[in-house]
Structures are given as C-alpha cells and as structure tokens.
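K.L.:
Listed below are the residues making up each chain.
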Amino acid sequence: DTEVTQTPKHLVMGMTNKKSLKCEQHMGHRAMYWYKQKAKKPPELMFVYSYEKLSINESVPSRFSPECPNSSLLNLHLHALQPEDSALYLCASSRDVGGNEQFFGPGTRLTVL
Amino acid sequence: DAKTTQPPSMDCAEGRAANLPCNHSTISGNEYVYWYRQIHSQGPQYIIHGLKNNETNEMASLIITEDRKSSTLILPHATLRDTAVYYCIVGPDTGFQKLVFGTGTRLLVSP
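Chains Y and R, in that order, are what the protein sequence lines are.
Using our numbering, the letters of the first sequence map in sequence onto residues 1 to 113.
Using our numbering, the letters of the second sequence map in sequence onto residues 1 to 111.
These are calculated hints, taken from the structure and not from any lab test.
All C-beta atoms in this analysis are idealised placements derived from N, C-alpha and C, irrespective of residue type, glycine included.
Among the hints, a few may not be true.
[As the list claims (entries may be wrong)] Pairs of lysine to any residue, SDA-like flavour, derived with a Cα cap of 25 Å: (1) R:K98 - Y:Q37; (2) Y:K38 - R:E58; (3) R:K98 - Y:L73; (4) Y:K40 - R:S9; (5) Y:K41 - R:R106; (6) R:K98 - Y:S65; (7) Y:K9 - R:Q42; (8) Y:K40 - R:T72; (9) R:K3 - Y:E101; (10) Y:K38 - R:N57; (11) R:K98 - Y:M13; (12) Y:K38 - R:T83; (13) R:K3 - Y:V60; (14) Y:K22 - R:Y46; (15) Y:K22 - Y:E3; (16) R:K3 - Y:M46; (17) Y:K40 - Y:T5; (18) Y:K40 - R:T83.
[To be verified] Quick list of the computed label-pair ranges, beta carbon to beta carbon: (19) Y:M27 - R:I74: 33 to 41 Å; (20) R:E58 - Y:H10: 31 to 39 Å; (21) Y:S62 - R:Q42: 24 to 32 Å; (22) Y:H10 - R:E66: 45 to 53 Å; (23) Y:P83 - R:R81: 33 to 41 Å; (24) Y:K41 - R:N19: 23 to 31 Å; (25) R:T72 - Y:E101: 37 to 45 Å.
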C-alpha cells in the first residue's frame, strides 16, 4: 500500500464551526506533513510530525491544530477559520531516517464561508 | 524562500522529449536536487532526485551539471498525461525534508 488517503475530499464550513481533516498512511512512514495550497500557488509547509511528535510548526495560526494520534494517522483540527483560509490542504508522509521522497495525498479542498 | 529558478511555462509535442531546466546556483554540498510534479487537482508526486551524478528511473532522467548549479529533468517521450506543474527543489537527504516549493514550470503537452 503506497497511498496516502485524506478525508473528506471537500469541506465547506462557517467561521464559527469546528471541523477536522484526516490523513492516513500504512507505509510505515514515521514523518507526516500538512501543507496548504492556495489557488495557482505552490504548496506551503504548515506542520511536520516525526515519530508522532510535532517537529516543525511554520508559524501557523492557532486556529489550526494538528494532532498525530498514532504513526499512521494525522489530523488537522480547524476552529474559527477565516475565508482566506480557504485552500487545498495536502497531507504527505515519508520515511524518517534516510527518507528522501514524500508521498502526497489528494488533498482536502476547504471552503470557509 | 525557494532556492531554485524555473521558467514559468513550457510546451512540448506529444511523443517528443520534454527538457525542463532548473537553476540552483546557491546549492550547498550536501543538498540534493528533487523533482516533483503536480497534475491538476491532485497532490504532488515525487519523480526523481540526485546529488551530482545523472539519475534515471522509469519516469524520467535527471542531468546535473558538473558545478551542480543547474539541472535538467528529461521526460523522454512526453504524453498528454505528463501535462502538469513541475517543481525543482533542493534539500538534504538525511532525516525528513522540509520541502520548499518554488513556482515551478507549467508543462503543456499537446497532440
């Protein structure tokens, strides 16, 4: 299984809602990532988890809250988002030590009303 | 900030070779060159990476100049499905990567 899955594919939420994005991989990878991609722009790194611990937070606002419950699962909890947070949210994973390629999921397209 | 420079767009006829250039003049000795592509509405896909020797896999070939300041990704027989944005990225090979995507090259393969 060389796939990273993300759910849901599409999400529409209001600014007062709380929602979560889910990412899963079963490749035994120990590093997992969240990226944000605005329309016609390249992906931008948000968070990196290594061995289920947060390693990098690229100064992301606290309304985005990542969680890594186990080595296969990565969540992104969303609360009080703004319309400008509307984007494609991409999850990726890689082997840690010696890992040299990231496997990306198809993304969740988020619209904040 | 991205440490690479790529042309914003390129065209290629189906069946011909697509040669995508990338400048990375500030690359350091332990940094590799990685190529990813992103087909419309999909997540990025790893293609190939290399340090200083030319590399080839089932998808593409990577040619890195001797001074390592530039490289070329070659798709030997481009198909319509190769239409995508191609990203050239430099980064280390140990541990996990912090991929910094530049603006990439939008390759359009036409019949």
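K.L.:
State for each hint whether it applies.
P.N.:
Quick rundown of the hints versus the structure:
1. Annotation: proposed proximity of K98 of chain R to Q37 of chain Y holds, straight-line Cα distance about 15 Å (limit 25 Å).
2. Our distance criterion of 25 Å between C-alpha atoms is broken by K38 of chain Y and E58 of chain R, whose separation comes to about 31 Å.
3. Among the hinted pairs, K98 of chain R with L73 of chain Y is consistent with the structure: their alpha-carbon atoms are about 20 Å apart, no more than 25 Å.
4. Using a Cα cut-off of 25 Å, the hinted pair K40 of chain Y and S9 of chain R holds, with the two alpha carbons roughly 13 Å apart.
5. For a cut-off of 25 Å, the pair hint linking K41 of chain Y to R106 of chain R stands: about 12 Å separates their Cα positions.
6. This hinted pair checks out: K98 of chain R and S65 of chain Y have alpha carbons roughly 19 Å apart, not beyond 25 Å.
7. At most 25 Å may separate the alpha-carbon atoms for a hinted pair to count; K9 of chain Y and Q42 of chain R meet this at roughly 11 Å.
8. Among the hinted pairs, K40 of chain Y with T72 of chain R is consistent with the structure: their alpha-carbon atoms are about 23 Å apart, no more than 25 Å.
9. About 18 Å separates the Cα atoms of K3 of chain R and E101 of chain Y, which keeps this hinted pair within 25 Å; it holds.
10. Between the alpha carbons of K38 of chain Y and N57 of chain R the distance comes to roughly 31 Å, so the proposed pair goes past 25 Å and is violated.
11. Straight-line distance between C-alpha atoms of K98 of chain R and M13 of chain Y comes to about 29 Å, which puts the hinted pair past the 25 Å bound.
12. With a C-alpha separation of about 20 Å, the suggested pairing of K38 of chain Y with T83 of chain R holds against the 25 Å cut-off.
13. At most 25 Å may separate the alpha-carbon atoms for a hinted pair to count; K3 of chain R and V60 of chain Y meet this at roughly 22 Å.
14. Simply put, K22 of chain Y and Y46 of chain R have alpha-carbon atoms about 22 Å apart, close enough for the 25 Å limit, and the pair holds.
15. Between the alpha carbons of K22 of chain Y and E3 of chain Y the distance comes to roughly 14 Å, so the proposed pair stays at or under 25 Å and holds.
16. Of the pairs offered as hints, the one joining K3 of chain R and M46 of chain Y holds, with about 19 Å between alpha carbons and a cut-off of 25 Å not exceeded.
17. About 23 Å separates the Cα atoms of K40 of chain Y and T5 of chain Y, which keeps this hinted pair within 25 Å; it holds.
18. Proximity of K40 of chain Y to T83 of chain R is assessed by CA-CA distance (about 15 Å); at most 25 Å being required, the pair is judged to hold.
19. The beta-carbon spacing between M27 of chain Y and I74 of chain R, approximately 28 Å, falls outside the hinted interval of 33 to 41 Å.
20. At about 33 Å, the CB distance of E58 of chain R to H10 of chain Y agrees with the hint of 31 to 39 Å.
21. In this structure, S62 of chain Y and Q42 of chain R meet the distance hint of 24 to 32 Å, their C-beta atoms being roughly 30 Å apart.
22. Look at H10 of chain Y against E66 of chain R: about 48 Å separates their beta carbons, and that is inside 45 to 53 Å.
23. A C-beta distance of roughly 34 Å is found between P83 of chain Y and R81 of chain R, which places it inside the suggested range of 33 to 41 Å.
24. Distance hint check for K41 of chain Y and N19 of chain R: the Cβ-Cβ separation is about 25 Å, which falls inside the suggested range of 23 to 31 Å.
25. Roughly 20 Å separates the CB atoms of T72 of chain R and E101 of chain Y, a value that falls outside the hinted 37 to 45 Å.
Of the hints listed earlier, those the structure fails to meet are numbers 2, 10, 11, 19 and 25, in rising order.
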